[in-house]
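Chains as they are written, first to last, in the working numbering: chain P, 1 to 338; chain L, 1 to 338.
What the hints contain is simulated information worked out from the structure, not anything from laboratory work.
Backbone N, C-alpha and C fix where the C-beta goes; we use that ideal spot for every residue, glycine too.
All clues given are correct.
Okay, the calculated bits of chain P under chain L, using three or more residues with CB under 8 Å as the criterion:
| hint | segment |
| --- | --- |
| 1 | 226 to 235 |
| 2 | 254 to 261 |
| 3 | 266 to 272 |
2 protein chains.
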Amino acid sequence: MTTVTRTSRAIQLAARPNGLPALPDFRLIEEAVPDPAPGQVLIRNLYMSLDPGMLMQIGGYPEIPMPAFAIGEVISGGAIGEVVASADQHVPEGALVLHQHGWREYAIADADSVRVVDAQAYPSPSTYLGFGLVAYVGLTVVAGLREGETVLVSSAAGATGSLAGQLARLLGAGRVVGSVGSPRKARYVIDELGFDTAFDYHDQPLSDQFRAAAPEGVDVYFDNVGGAQLRAAIETMNVGGRIALCGALARQRAGGTPDGGPGDLLPVIAKRITLRGFTALDHLDLAPEFGRRLRQWLAEGSLRHAENVVDGLENAPQALLDLVRGRYTGKVVVRLTR
Amino acid sequence: MTTVTRTSRAIQLAARPNGLPALPDFRLIEEAVPDPAPGQVLIRNLYMSLDPGMLMQIGGYPEIPMPAFAIGEVISGGAIGEVVASADQHVPEGALVLHQHGWREYAIADADSVRVVDAQAYPSPSTYLGFGLVAYVGLTVVAGLREGETVLVSSAAGATGSLAGQLARLLGAGRVVGSVGSPRKARYVIDELGFDTAFDYHDQPLSDQFRAAAPEGVDVYFDNVGGAQLRAAIETMNVGGRIALCGALARQRAGGTPDGGPGDLLPVIAKRITLRGFTALDHLDLAPEFGRRLRQWLAEGSLRHAENVVDGLENAPQALLDLVRGRYTGKVVVRLTR
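Chain P on its own, in the form it takes in the complex (with noise of 0.2 Å):
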C-alpha cells in the first residue's frame, strides 16, 4: 500500500485541438503524489523542455506511431529532476536523472525509464534539456557530413538548427546556411552563431533564396520543418546529397494538417539523394562521445547556447504556443519554481 505523502501540480490535456492548440486545451491540475514502488523513483522535476514534437501527440496525428495523450491525460515531455525519493538500487536518492516525464512537478517514474546524468558537467541542468544530440547525430551517422561540404538548416534560430549550425562548422562543413522566418533570426544566426548565410524563407521564390544562399549546390540539408522548404532544398541538393529529415515544424505550425510534402521525388533518384527521418533516441550510444566533444568545444568558447528560461509551470502552454509560433531563438525550457 502507498501512503500518500505530497501533491503535486500538472498540466492535463483538457480537450483535443481542432488545429493549433489554444490555451483551453490544457488543465493545470493538482494531483496526490505517492511514494515510489519498488523498481520506482520519485522525482521532483528542476526544467523541463518545450519542444514542437510535443504537437503532434496534443493534435493526434494520426501516422505517428506514438499513442496521441487521452484527454485527461496528463502531458509527458522531456524533464530533468532530482531523485528524491527511491525504490530501486541503481538511482539513488539525490541523483540528477533525464527523462520523459515532465509538465508536472513530481513524477513517478521506473527506475529504468530514466537517465541519471553528472551535475556537475554543465553550468546549468537545464542544459541537459537542450544540448543537441539530435543535431550531432543528424551530422553524423544520418547525413554523414565530410570536411568542406555546404550545410543547409531550416529553423535555424530555433533550438536544434541554431545547434546543427555551429556543430556543422564545428565539425568541419565548408559553408554553413540558415533557413529562418524574419531578418532579425537571419541577422542573429549570421552575427551571433557564425552561419555564412541566412534567408527568411517568406521570402519567395523559395527556390531562388536557397540557390542564391548556396550557389555551389547543399550537400546535406538538417531538415526541421518539411514541407515547401524541402521540396526547395531538394531542388538545390547536389548528386550524392544526404537529408536528415528532423522535424515539421511546417505541419505543426499549420495546426497538423499535412502539407504537401517534397513533391515529386525523381530528383532524388537522378541525383542519388537520401532521406532519413531520425530520432537521437535511436542513437543514445553516441552521448558519452559527443558530451566529451561538447565540453571540450564549450571550454573553448566555440559553441553558443541560446537558453530561453520559462518561469512556472503554468506558463508551459503559452510558452509552446510561442515557440510553435516562431517568437523565441534558441531553446525554450520551463523551471518549475515551486
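Based on the hints, put chain L in the right spot on chain P.
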C-alpha cells in the same frame, strides 16, 4: 583523315514530345559511319535495351542532371554489340561490349566508354542488358535487406521489378509482395516468379491494398514507380524501413508531368524511414560479385528471366511506348537484325 566505309541506320529525336512521346517524335535515318579514330572502337550493335528512364531525356524533364536529347540527335541507350574495328589496344576486334550507344546499328565509341564482357557467360548477349545489377544493388547496399524481412516491389512484373522480387527471396526475404498493373500480371508474379502475393494497383484504396498484402508491415520497398504508391508504401512501412528509389514510372506514364510525390513526410521521421535514390552505375564495383551469384542462381534454376525480343531498330519507338504503357512483362530488348 577518316574514310567512310559503312552506313548505319539510327533513330533520331524528331520533335520534343509534349507529354508521352508518339511515333512522329522519332525519325529513322541512315548515317555514314567513319573508321574509329585512335582510342575509339567501331561496334556492330546486336541488342539494345528499352528502358522507361529514356523518356526523361526524350521529354527533357527539367530536374534531371543528364542533358535532354537534342532535336535531331540520335537517341542513346544501353546496348550490347561486337567490336568490328578497333583503334585501341585494350578493346580488341571481336570483343563483346556493353555500352550506352544504342538506337543505332553501328556505333563509334571511345574505348573507355565501353565494358568488355564475357561472351560465354550467358546463353545470349541480350541477357547482359536485363540481368538486374540495379535490383541487386537496390536490395543490398541501398536498402540493406536483412533475413526474414518483408519486401514490397512496385512494377513487379517489369524488367527490374521481376528480378527485384526474385532476388529478394534469394537474399533471404521472409515475404515478397508485388504491386502490378493488371490481374494477369499479379498471377504471373505469384505463379511464375514465386512472389507470396501481389495486387493490381488500380484497385483502390491503395493503402488498403498495401496493408492487406503486408499485414505485418513492409521493411523494404523497392520503388520503380513513385507517386501515390510511394505514399501508400510509407504508410505501410515499419519503423526503420528502407525505400530504394529506383524508378519514376508514374511520372513517365504521365508524360513527364510531376506527380504529387509521397506527400507529407512526417511519417518518415516518426518511423525513422530512409529513402534513397540510386543508380546501378554508381555501384559497378558490385558487378563481379553479382555476376558470380547470378550464374550460380541460373545454374540452380532458381531465377527466371523473362525477355521480350522485338526485331528491328525501326520497331524500337513503338516498343518503348508499349513498355511504358505496361503491355509487357519482363525485359524488353530490340534485336538489330541487319
